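S.K.: Listed below, chain by chain, are the residues.
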Amino acid sequence: MQLYLPIAEISVNVLVLLTLGGLVGFLSGMFGVGGGFLITPLLMFIGVPSAVAVATGANQVVASSISGVLAQVRRKAVDFRMGAVLTAGGFVGSAVGGTVFDWMSRLGQVDLFVQLSYVLFLGLVGAMMFQESIRAILRARRPGVQPVRRAHVHSWVHRMPLKMKFRASGLYISVIPPVAVGSLVGFLSAIMGVGGGFIMVPAMIYLLGMPTRVVVGTSLFQIIFVTAFTTLMHALNHHSVDMLLALVLIVGGVIGAQIGARVGIRLKAEQLRILLALLVLAVAGKIALDLLLQPAELFSITTVAK
Amino acid sequence: MMRALILLMLLALPLRAEEIVSGLSQSGVSIDASFDGTSILIYGAAMREEKPPAWPLLQVIITVAGPDVPIVVRQKERVAGIWVNRGAMAVDGAPSFYAIMTTGPLDDILSVAEDEAHAISIPRAIGSVRLGAGAGSTADYLAALQRIRASQGVYKLASDSVLLLQQSLFRTEVSLPANLIEGGYRVRIFLTRGGAVVDVQESMIAVRKAGLERILFRMAQDQPLLYGVIALLLAAVAGWAASELFRRLRL
Numbered sequence: 001m002q003l004y005l006p007i008a009e010i011s012v013n014v015l016v017l018l019t020l021g022g023l024v025g026f027l028s029g030m031f032g033v034g035g036g037f038l039i040t041p042l043l044m045f046i047g048v049p050s051a052v053a054v055a056t057g058a059n060q061v062v063a064s065s066i067s068g069v070l071a072q073v074r075r076k077a078v079d080f081r082m083g084a085v086l087t088a089g090g091f092v093g094s095a096v097g098g099t100v101f102d103w104m105s106r107l108g109q110v111d112l113f114v115q116l117s118y119v120l121f122l123g124l125v126g127a128m129m130f131q132e133s134i135r136a137i138l139r140a141r142r143p144g145v146q147p148v149r150r151a152h153v154h155s156w157v158h159r160m161p162l163k164m165k166f167r168a169s170g171l172y173i174s175v176i177p178p179v180a181v182g183s184l185v186g187f188l189s190a191i192m193g194v195g196g197g198f199i200m201v202p203a204m205i206y207l208l209g210m211p212t213r214v215v216v217g218t219s220l221f222q223i224i225f226v227t228a229f230t231t232l233m234h235a236l237n238h239h240s241v242d243m244l245l246a247l248v249l250i251v252g253g254v255i256g257a258q259i260g261a262r263v264g265i266r267l268k269a270e271q272l273r274i275l276l277a278l279l280v281l282a283v284a285g286k287i288a289l290d291l292l293l294q295p296a297e298l299f300s301i302t303t304v305a306k
Numbered sequence: 001m002m003r004a005l006i007l008l009m010l011l012a013l014p015l016r017a018e019e020i021v022s023g024l025s026q027s028g029v030s031i032d033a034s035f036d037g038t039s040i041l042i043y044g045a046a047m048r049e050e051k052p053p054a055w056p057l058l059q060v061i062i063t064v065a066g067p068d069v070p071i072v073v074r075q076k077e078r079v080a081g082i083w084v085n086r087g088a089m090a091v092d093g094a095p096s097f098y099a100i101m102t103t104g105p106l107d108d109i110l111s112v113a114e115d116e117a118h119a120i121s122i123p124r125a126i127g128s129v130r131l132g133a134g135a136g137s138t139a140d141y142l143a144a145l146q147r148i149r150a151s152q153g154v155y156k157l158a159s160d161s162v163l164l165l166q167q168s169l170f171r172t173e174v175s176l177p178a179n180l181i182e183g184g185y186r187v188r189i190f191l192t193r194g195g196a197v198v199d200v201q202e203s204m205i206a207v208r209k210a211g212l213e214r215i216l217f218r219m220a221q222d223q224p225l226l227y228g229v230i231a232l233l234l235a236a237v238a239g240w241a242a243s244e245l246f247r248r249l250r251l
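Quick mapping for you: the protein sequence lines, in order, are chains W and S.
Oh and the first sequence: position 128 is 128 in our numbering, straight run, nothing missing.
Oh and the second sequence: position 133 is 133 in our numbering, straight run, nothing missing.
The hints are simulated quantities; they were obtained by calculation from the structure and are not laboratory data.
Warning: the hint list may mix true and false statements.
[Said to hold, decoys possible] Here chain W is said to cover these stretches of chain S; the calculated rule only asks that three of the stretch's residues, wherever they fall, bring their Cβ under 8 Å from a Cβ of chain W:
| id | stretch |
| --- | --- |
| 1 | 27-34 |
| 2 | 42-51 |
| 3 | 56-67 |
| 4 | 71-85 |
| 5 | 109-117 |
| 6 | 218-228 |
Quick caveat: nothing in here was measured; it's all calculated off a predicted structure.
From the three backbone atoms N, C-alpha and C, an ideal C-beta is built for every residue, glycine too.
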């Protein structure tokens, strides 16, 4: 069954879209990530213009994050105060990202910019996660040699001004690091059409020292607002949000996410992380190859906005 | 006296030897959710007062052109190991769709001068160009533009696809692909003899989005804020509904 997308101006098979949404939803439900880093490149792959893919990807992440955060709120695993601070930073980052996106579009380098961002950030995070989960698996194989785990590590983060209490996380730290992390994620959201959970989660654990229990919920909470802001910005400035495309992806995505969550429960945390790391690295590797290998067609056509 | 006057007036009218009478199977295309391309029948006849010349033979050329859109063609070059857009050529208006259907090879049935006058062949139909920095000549860019558009099925030259009967009746079919944009699609029918254009006729096919596609497209353009808010509400409701539905199912 073909469906003509009013904003992307292409006709696509509904089953392909539902499968795509379902597959990404399955992975996001299993790993607890938004899945934007998969949906946006996949949309571009099936022929959706990159501007529409980025904007619609952000809109789809709003839905999957809301679906995810509601479960976390019931578990009381959301630090709303931290979420608000991260979101404030996120808005700034998203606005800056939108401006950079416009500038790159005019220069004709938006695709390169988006691709380089994907390779850099996915490659970095994927490599870190892979290394970390391998170490965790090796550790689990050799019981007895447990590393010393401190509940509270004082680092440079704790010496900054503007301190604030974050009760749900049990933290008393400066607001500067969370605002900075939030801005970075907002920036990535605007240029990559992603929620940024893959950056946010490790940053919260390793940089801010938040307890793992509240990390996923709080990350999802702030992703809702940042991707909503990104969606709105793209709708206002580029008219590039395709509601029909988003709707089909969301329907596929929410079903996939619930199935994925159930499969995820049966797997061990280290196994999940190593699989996610491999997936992230595979996406980064594919995009890197596209940049390195000589493309079959060196020329491209872009329509100039009136 | 009166009779002489009428005769004079009749003689003063531009009397063409051969004139086109034509029709389209449909004068409009509406793009709705299930739109997956369509094809339109173009038919007609060459009407004439007197016996046509035996040689050169009558030929028919039919073009269908979508709205002109300004575009930029870019060329990738390897910079520091990766492939990056470097050179560019701006085109002030290239047809978003262009199909040529003929009764024979275009070069044989149309002279260069007539092609220039009527902008019939694909390179002639592309508007004026402006070359930017970077390597590559205008010819390279124009060739790439035609190659890419042809591979997308939006630029096509189909020789011998017009059926001409008894040097008078003609018909052809133009297939419009799914990736159409809105606007007026100009249909031109040319009759030629020995490369010279004998008569031209123009008509329009109106391509419009319809139903939901039209509502969404117009709203995204005219009321982007409202559109964005609705997109978000839709996402919020879908996210909430999914979470509720599966929570209940689990009970």
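S.K.: With a Cβ-Cβ cutoff of 8 Å, does the stretch 71-85 of chain S contain at least three residues near chain W?
M.R.: Answer holds; 13 residues pass the 8 Å Cβ test.
S.K.: Check, residue by residue, whether the stretch 218-228 of chain S contains three or more positions whose beta-carbon lies closer than 8 Å to a beta-carbon of chain W, and give the verdict.
M.R.: holds (count 6)
S.K.: Can you tell me if the stretch 109-117 of chain S counts as covered by chain W, using C-beta to C-beta distances under 8 Å and a minimum of three residues?
M.R.: violated (count 0)
S.K.: State whether the coverage of the stretch 56-67 of chain S by chain W holds or is violated, taking the criterion as 3 or more residues with Cβ-Cβ distances under 8 Å.
M.R.: Contact hint for the stretch 56-67 of chain S vs chain W: violated, 0 residues under 8 Å.
S.K.: Closer than 8 Å Cβ to Cβ for three or more residues is the test here. Does the stretch 27-34 of chain S pass it with chain W?
M.R.: Three-residue rule met by the stretch 27-34 of chain S, so holds; n is 4.
S.K.: Count the residues of the stretch 42-51 of chain S whose CB lies closer than 8 Å to any CB of chain W, then report whether that count reaches three.
M.R.: Coverage by chain W is violated for the stretch 42-51 of chain S (0 residues, Cβ < 8 Å).
Against the hints set out earlier in the document, violations occur for numbers 2, 3, 5.
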